[in-house]
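Below, each chain spelled out in residue letters.
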Amino acid sequence: MADLQKLATMLQELDDQMAACMKCGMCQGVCPVFAETMAEADVTRGKIALLENLAHELVVDAEGVKDKLNKCLLCGSCAANCPSGVRIMDIFLKARCIVNGYLGLSPAKKAILRGMLTRPKLFNALLDTAGKFQGLVTSKADEIVGTSCSRLMSPIIGERHFKPLAKEPLHAAVPSLDTAVGASGLKIAFYPGCAVDKFFPQVGHAAFKIFRHHGVGVFMPEGQACCGLPSLASGDMESFLRLVELNVKLFGQMPFDYLVTPCGSCTAAFKEVWPKFAAEMPSAIRHAAMTLADKAIDINAFIVDKLGVEVPTEAPKGGTPLTYHDPCHLDKSLHVTAQPRALLRSNPNYEFREMSEHNRCCGCGGSFNLYHYDVSKKIGERKRENIVASGAKVVATGCPACMLQISDMLSQAGDGIAVKHAIEIYAETLG
Amino acid sequence: MNDALIKEFEAIVGKENVMHAEADRQAYSYDAAVLEPVVPDLVVRPTTSEALGKTVRLCNENALPITPRGAGTNLSGGTIPGRKGVVLLTNSLNKIIEINEQDMYAVVQPGVVTAKFAAEVARRGLFYPPDPGSQAVSTLGGNVAENAGGLRGLKYGVTKDYVMGVDFFDVNGELVKAGSRTVKCVTGFNLSALQVAGEGSLGVINEIIFKLVPPPAANKAMMAVFDSIDKASETVAAIIAGKIVPCTLELMDKKTIELVEAFTKAGLPTDAAAILLIEVDGHPAQVADEAEKVVEIARRIGAIDVRAASSDAERNKIWEARRAALPALARARPTTVLEDATVPRSQIPTMIRAINRIAEKYNVTIGTFGHAGDGNLHPTILCDRRDKEEFKRVEDAVDEIFEVALSLKGTLSGEHGIGLAKAKWLEKETSPATIAYAKKIKAAIDPKGILNPGKIIGA
Ligand SMILES: Cc1cc2nc3c(=O)[nH]c(=O)nc-3n(C[C@H](O)[C@H](O)[C@H](O)COP(=O)(O)OP(=O)(O)OC[C@H]3O[C@@H](n4cnc5c(N)ncnc54)[C@H](O)[C@@H]3O)c2cc1C
Ligand code: SF4
Ligand code: SF4
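Chains Z and S, in that order, give the protein sequences.
Position one of the first sequence corresponds to residue 1 (UniProt numbering), numbered consecutively onward.
Position one of the second sequence corresponds to residue 1 (UniProt numbering), numbered consecutively onward.
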C-alpha cells in the first residue's frame, strides 16, 4: 500500500493539472458516457470538479466520487478535444490511484490484480482450464476489474454474447520464439497482449505470417505479463509497478528494434501511460522501462511505416464490403489512423466503406463494461448501427478489446458481420 | 431537502431523474464563468413538457429557488444556483418537434443542442445562422436565454433575430404562449422578448419557434495582416462603408497572434499588430465581386499581406487560425477569464489600446480577439486564479475594462450575459429607473423570487 505522504504529493501534482480545466463544458460534446446518461458528474468537467473538491476537502462522500471516477471508459475522447489541453488521462489514472489509496482495494480486486495478473504463469494456467477458474471467482462477478483484459474473466458473467476463450491460446500453440533477422533487417519483440493470446490467437498467427513474409526477426519470450493498464485503471499502483518490473525483466535484456503489439490498448499503455508514471518507478528499472516505452509501436504502424509495405493509393472496388472502427487508444492517444486503412486497401478482395462516427468509442472500456454494462451496451449499439448502416460484411479494427465488444453487439443482433483485426486482412494477401 | 419533498419530485419526473447524492449535486454547482461554485439542494431533470411545468409549480409552492440549466456553458454564472434550491435540467427535453421547409420555421424543445439543430436544418436545405463558439454542446434554450451571438452576427444577427415565438412556464407552472409560426404577428405584448436574454429569471422556456433562412450558395474567406490596429479598424470601416456586409469579420490582436502561432506553428506573422479574418457569402457572382473589393480595400489601407482562399482547404486553413484562438489562449495559463465588452465598431482601436494599457497597468496578460464587425471584443485575461494577489489584479483590470467600454458608449456584454458576474455593473450602464422597472416586472411575475434569483438585476 502506497504511503499517505506519497498520496498527498500526488494530489498536489494533480491540483496543478486540474486547474487547467476552464470548465468550458466542451467535453460534453464528445464523451460517449455523457451522451447516454446526460449527467454532468459523468463527463470530464464534472469529474474534475469533484476531484478538485475532494482535493480541497469539500466532499464528504469520497466513495461517491470514486464511483463517478470509475464511470469512465478512459477512451480519451475528451482529452483529444479539450480546448484547454488539460492532461485528462494523467489526471484520471493518477486520481484512480490516489482515491483508491485512501479507500483501499476490495478483496476481490486485490485477488485478481495482485494474485493473478502479476503472476502470468498462474494466470495462464487458470484460464487454460477455464472451468476451474470459473469456480474460483464466480459469485463476485462485478468485483472483477481491469481494462480490456477484464473481459478475460467475462465468460462467467451474465447472458452476454461473449466470445468463448480460444480452444488453443496463442501461448499454447507457440510458447516462445526467437527467429533470425531476415530481409527487413529488423528484429522485434512481439507482445501479443492478453486478449489476442486468449481470445484471438488467429491475430497472433497472422502477425507471425507477416513477420515471416517480410523477414522480420521475432523475439517472443514465454510468460509475458500484463501491460499494467488494468491495474492502473483500478488505481492499483503497486500491481502496476510489479508488472512493469516483470516486463522489464523479460524484455529489458534483449536487443531488438521495436516492441510490436497488435493491441491498441497495450501499445498505448507502454508508450503513453508508462512514461506518465516514470517518477513512481524504482530507479533500477526506470531507464529500461522508458526504453521499452520508446520502442513500443502499434503493429499497423510497424508494418506500414517500418516495413515499407507498398500500399495502393486507390481503394480496390467490387470486393466484399468492409469497414473500419478506430480504437480509441490508436486514434486518440497514438494517432494511428492511416496505417490500418492502408493495410485494408492492400487486399483487393475487399471494398472499403467508411462508417459514420468511425472514431467514436465502442463502449468497451475494460472494467467499465463489467460495472456499467447497460451504458456500455448502449454505446456499443450505436457503434453497431453505424457498422450495419455502412453495408459492410466485415468490420476490421486494431484492438482486440474493441473486437470483443463489437463481436458481442453484432452477435446479439444476429447481424452476421465478421469482426477482424486489420492485419488479418493484410495477412490474407500473403501467400 | 426533506425526503417527502424529494418523493414528490420523483413522482413527477421519475426516480432516475432526481439527483440528491452529494457527488451529483456538486457537479451542478458551476458553469463556464470563473466564479465561486454553489451546490444546489436538489437536481431535477424533467423529460416531458408536462413534467417541466409541474416541477416549476412544485418549486414555487415550496418557495424553492429554480436554476434552469441547459449545457451550463454560459460565461456569466447564470447557472450557478446562488441561492441553492433546485437545478432544473432541460437537456433531456431535446426533441426537434418540427422543421417546416415550406414556411421556413422550426419548433424545438429547449434542450436541443445548437449544432445538432443547425445540422438537421442544413440537411433539409435550410440555414440556422447563430453559431456561438460553444454550439457543439450549448442548448437552444440556453442560447435564447442568453441571446447568444456568434461569428455571423454582422450579417445574420444573433439568436433573438430568429426567435418567432416562445412557449414558457410561468412560476405557477402555467403555460404562456407567445409569438407564432407566421412571419408577422402582433397579437398582444411581445412576451417572447421577455425570455430572450432573460436568463431564466422570468419564466422557464418550454418550446421555441425559430425562423430559418435559405443558405448562401457560395462563400469566400480572406485573411489580412496589419502592422497597426488602426489600419485593421479602418479596413473594417471601409468595408462597411463600401456597402459590403461580410458574414464574418474577425479580429485577432498581437498577443493572440503570438499565442496562436506558438500553439499551431501555422506560420502566422508574429510581428503583426492585428489580423482580420473575413468571409463574404451569398450569390456566387456577388461573392466573387465582394471578395475582390475587400482585398482591394485592405491593400489600399495598407495591409502588409492579404490572402483570399481559393479552395475549401485554404478556407479551412484561414478559419483554423481563428478556431485556435481560444485553445491557444487557454493553454497559456491555468485560468482563462473570457470577457466580452462591446463598443461601437468605430471605437475598436481606442478600446484595444485601452485594454493594452490596462494590461500593463495591472501587470496581467490579456489577449484580445473577437467579432470586429460587431465591435464585440473578447479580451481574454490569462492568469492563475489560485494566486489571490494576481486574481485581485485581474478583477481590477476587468472593472476598468468595463469602465472604458461604457465611457465609449459600449456595453458590458455583447453576448455572454449578465448573470451573477456583472449584475453589480448593470445600473451603471443603464439607470436606477431601469433597474427599478425591471425589478417591478420581476416581482409581479415571480412574487416569491424563485426564478433564477440573484441574476441580472440581483433580485
Ligand atoms: C468555449 C465557449 C465559447 C462560447 N462562445 C460563445 C459565442 O460565440 N457567443 C455567445 O453568445 N456565447 C458563447 N459562449 C457562452 C455560452 O455558450 C452561451 O451563453 C450559450 O447560449 C449557453 O447555452 P447553455 O445551453 O450552455 O446554457 P446554460 O449555460 O445552461 O444557461 C444559460 C442561461 O440560460 C438559462 N436557461 C437555460 N435553459 C433555460 C430554459 N429552458 N428556460 C429558461 N432559462 C434557461 C440558464 O438559467 C442560464 O441563465 C461560449 C461559451 C464557451 C464555454
Ligand atoms: S473540455 Fe477541457 S477545459 Fe473544457 S471543461 Fe472539459 S476538461 Fe475542462
Ligand atoms: S475518457 Fe471517455 S468516457 Fe471518460 S470522461 Fe473522457 S470522453 Fe468520457
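Hints may contain errors.
Said to hold, decoys possible - Across the chosen pairs, the derived CB separations fall in these ranges: (1) Z:Q202 <-> S:T264: 41 to 47 angstroms; (2) S:V213 <-> Z:Q12: 50 to 56 angstroms; (3) S:K95 <-> Z:G431: 35 to 41 angstroms; (4) S:E98 <-> Z:E357: 25 to 31 angstroms; (5) S:D41 <-> Z:A62: 18 to 24 angstroms.
The set of hints was computed from the structure by calculation and includes no laboratory data.
Where is the CB? At the ideal position from N, CA and C, for every residue including glycine.
Hints and how they fare:
Checked against the given bound of 41 to 47 angstroms, the beta carbons of Q202 (chain Z) and T264 (chain S), roughly 43 angstroms apart, stay inside it. With their beta carbons about 53 angstroms apart, V213 (chain S) and Q12 (chain Z) fall inside the hinted range of 50 to 56 angstroms. One distance hint, 35 to 41 angstroms for the beta-carbon pair K95 (chain S) and G431 (chain Z), is violated here, with the actual separation near 56 angstroms. Between E98 (chain S) and E357 (chain Z) the beta carbons are some 26 angstroms apart, a value that agrees with the proposed interval 25 to 31 angstroms.
Taken as a hint, the range 18 to 24 angstroms holds for the pair D41 (chain S) and A62 (chain Z), whose Cβ atoms sit roughly 21 angstroms apart.
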